[in-house]
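So the protein sequences, as listed, match chains A and B.
Just so you know, this note's numbering puts 92 at position 92 of the first sequence, and the rest follows in order with no gaps.
Just so you know, this note's numbering puts 19 at position 19 of the second sequence, and the rest follows in order with no gaps.
Because the hints were derived from the structure by calculation, they are not lab data.
This list has only true hints and no planted wrong ones.
Distance condition first, Cα-Cα at most 35 angstroms in a straight line; then the derived DSBU-like pairs of lysine-lysine:
no.: 1; chain 1: B; residue 1: K26; chain 2: A; residue 2: K57
no.: 2; chain 1: B; residue 1: K102; chain 2: A; residue 2: K57
no.: 3; chain 1: B; residue 1: K26; chain 2: A; residue 2: K53
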Amino acid sequence: DAGITQSPRHKVTETGTPVTLRCHQTENHRYMYWYRQDPGHGLRLIHYSYGVKDTDKGEVSDGYSVSRSKTEDFLLTLESATSSQTSVYFCAMRQDSTGELFFGEGSRLTVL
Amino acid sequence: SQQGEEDPQALSIQEGENATMNCSYKTSINNLQWYRQNSGRGLVHLILIRSNEREKHSGRLRVTLDTSKKSSSLLITASRAADTASYFCATDERNNRLAFGKGNQVVVIP
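Please model the complete structure; the sequences and the hints are all you need to start from.
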């Protein structure tokens with residue numbers, strides 16, 4: 001579905017390099033989230049945002065930072081990627097009226 | 001943060017049979033949601049049940065919620081091969097964050 005997109009969809013990088021994943025929505029929703037999905041762990045919340053320049057940490061925020069300078073964009077940055085950050089990253093936006101989340105298609109990151 | 005925990009973790013059934021999966025959680029919730037994930041794709045919202053509701057239906061889906069036992073169940077009736085996916089419960093902890101369980105893999109055999 002349109003409405004929320006992630007880029008890049010796939011990335012391979014080396015340990016120690018910075019990585020930025022982008023999430024873009026066209027629905028003007030206030031809340032946006034970054035999750036990571038790993039086998040045996042399900043989805044774990046990294047960071048979320050409740051408005052422009054308003055962000056907060058999730059349960060696995062160490063090693064990650066986020067920024068939201070515009071309603072439509074939520075960026076996830078790995079300042080210095082490590083192999084433990086190899087994962088599939090999902091962005092989501094929350095529909096204000098119902099509370100349900102709409103997910104992007106995921107960004108598969110491999111850190112060598 | 002709390003998580004929903006699905007049970008069973010994996011389920012294999014014949015097409016046409018019903019599939020039931022359970023979710024348990026630990027603290028008070030605003031609502032509980034179920035999502036489906038097809039292989040290699042993002043999660044898709046299936047159904048939401050509020051804390052003051054006990055049962056909800058949507059097509060072939062039936063969700064129950066027992067807040068006294070802190071548990072929910074998802075029933076898929078008359079399963080189809082296209083229902084093969086992972087199913088996740090997620091609890092809305094009244095802080096605008098959803099906590100997801102580890103997921104339940106369902107395989108429907110044609």
